[in-house]
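Below are the chains, spelled out letter by letter.
Protein chains: 2
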Amino acid sequence: MKKNTTAGLLQRFSLFLFLFTFSFLVNAQVITSPDKNFTMKFALEKNGVPTYELTYKKKPVVKQSKLGFELKDSPAMAEGFTVTKTDQASVNNSWEPIYGEQKSIRNNYNELLVTLTQKEQKDRQIRIRFRLFNDGLGFRYEFPEQKELNYFVIKEENTEFNLVGDHKIWWIPGDYDTNEYAYTTSKISEIPGLMQKATIDVHAQWPIKTLAVQTPSMMKSSDGLYINIHEAALIDYPAMNLNVDPKTFKFSAHLTPDAMGNKGYIQTEFNTPWRTIVVSDNAADILESKLILNLNEPTKYKDVSWIKPVKYIGVWWEYFVAGKSSWAYGTETNVKLTDDFTKLTPNGRHGATNENVKKHIDFAAKHGFDAVLVEGWNIGWEDWFGNWKEEVFDFVTPYPDFDVKALQKYAADKGVKIMMHHETSASATNYERRLDDAFKFMQDHGYNSVKTGYVGKIIPRGEHHDSQWMVNHYIRVAEKAAEYKIRVNSHEAVRPTGLHRTYPNWFAQESARGTEFEAMGGLAPDHATILPFTRLMGGPMDYTPGIFQTDLSYYNKDNTQRVNTTLVKQLAYYVTMYSPLQMAADLPENYERFPDAFQFIKDVALDWDDTWVQEAEPGDYVTIARKAKGKNEWYVGGITDENARTATVRFDYLPKVKNYIATIYADASDASWNKNPQKYTIRKVLVNSKSVLKQPLAPGGGVAVSIKEGNAQETKGLKKL
Amino acid sequence: MKKNTTAGLLQRFSLFLFLFTFSFLVNAQVITSPDKNFTMKFALEKNGVPTYELTYKKKPVVKQSKLGFELKDSPAMAEGFTVTKTDQASVNNSWEPIYGEQKSIRNNYNELLVTLTQKEQKDRQIRIRFRLFNDGLGFRYEFPEQKELNYFVIKEENTEFNLVGDHKIWWIPGDYDTNEYAYTTSKISEIPGLMQKATIDVHAQWPIKTLAVQTPSMMKSSDGLYINIHEAALIDYPAMNLNVDPKTFKFSAHLTPDAMGNKGYIQTEFNTPWRTIVVSDNAADILESKLILNLNEPTKYKDVSWIKPVKYIGVWWEYFVAGKSSWAYGTETNVKLTDDFTKLTPNGRHGATNENVKKHIDFAAKHGFDAVLVEGWNIGWEDWFGNWKEEVFDFVTPYPDFDVKALQKYAADKGVKIMMHHETSASATNYERRLDDAFKFMQDHGYNSVKTGYVGKIIPRGEHHDSQWMVNHYIRVAEKAAEYKIRVNSHEAVRPTGLHRTYPNWFAQESARGTEFEAMGGLAPDHATILPFTRLMGGPMDYTPGIFQTDLSYYNKDNTQRVNTTLVKQLAYYVTMYSPLQMAADLPENYERFPDAFQFIKDVALDWDDTWVQEAEPGDYVTIARKAKGKNEWYVGGITDENARTATVRFDYLPKVKNYIATIYADASDASWNKNPQKYTIRKVLVNSKSVLKQPLAPGGGVAVSIKEGNAQETKGLKKL
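Going down the list, the sequences are from chains R and F.
So for the first sequence, full-length UniProt numbering puts the first residue at 1; every next one is plus one.
So for the second sequence, full-length UniProt numbering puts the first residue at 1; every next one is plus one.
Calculated directly from the structure, the hints in this document are not laboratory data.
Same chains, same label: a pair holds when it works inside one copy or across any pair of copies.
Restricting the straight-line Cα-Cα distance to at most 25 angstroms, the calculated cross-link-like pairs of lysine-lysine (DSS-like) are: (1) K209 <-> K72; (2) K485 <-> K440; (3) K336 <-> K300; (4) K480 <-> K440.
Produce the entire structure from the sequences given, and follow the hints as far as they go.
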């Protein structure tokens, strides 16, 4: 975040709060962002319909757009309003995240709070709070406690995003249950023609029948404005999709319903999540925006000292490499938790065996990883998926060939943690009732982090991955985990909205199409250049990069799958995709084949003092530099899509004058995602703050750079860049 | 049960098992009951549709009726079957319930097990197991584990009960959520014309849109056959209503759907509940039938020594006596569990105060009651109902005026238990996730029994009180409670099906229109003569009898409500309605006004060596005598409907020759349910096994008799009956 270069003016934990409140009783209200680039105008239409509009550098971003709600069994809160109070405030402070891309985050906005009253509906009130930052707008609805509005059910939220043109958009289909679609890039007007093709098969999907896309929704206008629509602080409310009008370019909220088709059970006093619109004429600014984090609440956890980043390997990728291993232990396809699993017929391919786990622990210890994820350790995998079965797993009973206590001791002796795996098969009710036992089991056996999974159709049946009840479920799990000092990495959960600020032990999520799909059809070479502008806007992703053996026929000549990147691009991901949780996802033996490249994964930091997005264009390229937290080390990652390009890496964030050793991991000149992906060069050079690296990237390739201080001995003989 | 007089031939725990199995490969199979009164014929229709028919003493009871299933997304299991195996067996043994109406229960049946195969559906198999007892038929479907049928979803069960005539029927409307309807008595053909009127308002009801009634369904044919249709061992399956064809008199299964409209998620190996048809030409036999208990599994609990009957009073009836007390502490109507309830505005009418509870503990101790139920002790009652709110109660936080620890000590010092109350507001998800904490809290504070409540719309939203998920929920609660040695009395749960044999700590339920409705419109004077033939067929009811102050204008002259019985009829209920849990539901001060009548409630047993239904006719009268378990004490209760009648009480179960003191509690000659209901006589006489009491009962009245041994002093001057 470039503005953060001014952070030096602020002391640690300093709070600069300038609060001015005053009231109006007029129907149109205008606020501007602190830097004056944004203007937001609130107004009531003649029939008392609340609306807002947003401009950036005098260009319209969102035309007059309606706000409000349809309620169930109650008159709508959509019209007939009068403005009965307005308040304005300005805030400029900063705060320090527990982990993150920056040591300190500036929180600087002008606020407008409009109180609206429906005089003909027994004076029912709603408030709309707008916060206009230098990077965009956030607004939410607030339902104060009031006599005539204690409890109600939302039929739909009316919020509109009335866009001004036929923008380019990077989108995935609207869906109540999955975010694991591949991105389509098109004009808004082209979405209808592309929707069917875009709606590829995904486990337990529930595509929205009307035209809708998901958030974070990334767009670019023909005149070069980048617009990102998402939400912040999704708590006790369903996730929002966006209805699309391909002719008028009007987007509108489409909340995820429950089994009854209802879209939110509300008890006042209640605040909705924030609707966020991040805008810039520079794509890099979108990635540097901390607007969503700023709109989330600080954590209520008192002790956060135990919440630390994790670099891990796992018994995982081998499950995706055809025929190699299986989560299941037995050959049977109909098992119950009450069965005696020692009586099953072993399939001979079980991955989570004592021997295999020990091998991974050895590797993790040797190379300095914090943890080893082990999937498939617990009974129930024989028929875990697809049956809408409630009691799939008990989370405490290992397979006969996984010795919990022996492995606990083995790992502890080597200073490594085993990472727990709680696949729920989307049976949230079963997980909730076993949660205390499951976390107690972890605590008793030395586990301090868990990967959760929600593959399948949700139980309670009729709920969705993104419905209000499930939104609350994930938070319940995070809070319960915190009681046990356990970190959570959720897969197939609702996509993040910055809640890792409030629940910092929920430190990573999947919630998008990740590396596993490289083994199931592959990811498009531009996929990872889109993710930072979409999925990652909400929070850290457990993308599980680091696949060195990209051609999967290596394992089995019949396997035609391949990871659609060069090896070096996999290294770059550790920098381009921020997460406090990073996996080295490939098999240990593959890392042993490329020890020099592997060194970057071993070196790269997980937590950062500062971040500089050097160049970025969604769907094309991303180059990011970061400073390791508390260390004079910097890491740079640059990636490109299917096109070769030359990345420009600057070093102007380095302390002046001094030279540092940059280790540059680069694609070989004849490498590309589909030819010679494992060919790379590694060179060491001296750089200083004035250096500029022009680095060719292969098609589907990348660049990774580590920058460290070097003593005379180490720098001897190194050339300047 | 009259057959039990032969029980003397059997030793305790003796097992007489005569098992003959043999196989046929024909399509029609006939079995008879051990006493030859019943004949059941299984046959396949030409298209391979399985059917059964039932006769009793050569009269048809159920004409040829179809069996089978409609499945979701899979071909039906309804036709195309061939019989590939049949097995027969005979069983004659007896077992001892942990508590009950008899010390020993005879289990005597002939069994037919038919294995059916759908050759054109990949040899899918289903088994139907018929057990023909001397009191009727039970049959269930069994899905063996098989390659082509591991998991499936039931769309509907096809089971038919094709009745032979336009029987008289005592019925309540089919409903997915409530059993708390008043009974209607009519011909089957009259049901359509009466359904609308019968579907009175009940909290959280979901009347079935097509014509349906609930089970237990009690009928009487024009030629004097009594027929009762219900189910036994309802586990992991939705409850069954009965579709009614008012022209052909064909009834058929109508299972309770979930939110998706599905009617059961099945994993093989699986057995459905038993469908039960109890038949006799003597109404008393219906009440003596132990067929449903016999079809339930013995308990798996290892230690049952802690499961004992309970006689209790409670802070309860005062909530129904207009204006007297409230569950809620505060006047607020919008509260959250996170609120500080000490800050609420007290409404001044809170029932569960330290003072009031102590008064009840004193009374319980003085009169020998085991426990005091206290409702309204915990935070959340201010807005507990009607909002489909999930987090209504936490089950561990008392109101400010209820001192858990002080009351625990106060009760313990007096040898009385406080009975916990867990109203869930039908939020089963909330209850499940707090269950361990809630039971731990009980254990820590000396509670060993809990009354649960499920008032409102179920959460998971879209589930019903009687759907498969909730059926499993109640059992989960019972099993979890057993881990803490806690007894459960569930209100508003699915009606019982004999599961108190398997889960004996789930020792009573409401699941019907009980005494509370006497304060909300009143119960018809014949209501309690119907209940034993309907609701009580499944298991013990917490009917909460014992209301002495029947005219509720006593509390408030504007209160026009009244309990539609005489005082004596309330005494008789303790015998006519079997339960190991019995409440003396009236206010302590009312018992103090009638100490002589109250003596019967104090004396009456809760557990029995034997039971003799002396005379019974559904809707008209019931007279039952029982011998107290392990004591030479007998208790008789007789009730009538709105008509006066003379009950005939025999004493032929008394040991021969010897005289006993009978204390006869009788309606006064000018008493009736609506005039002088509190006028009664109490007389002591000597009776022996040859005595017969002809006792006039008032309209809406009853008679209660206690019979004890007396020494010379006690019997002196007593007349013979």
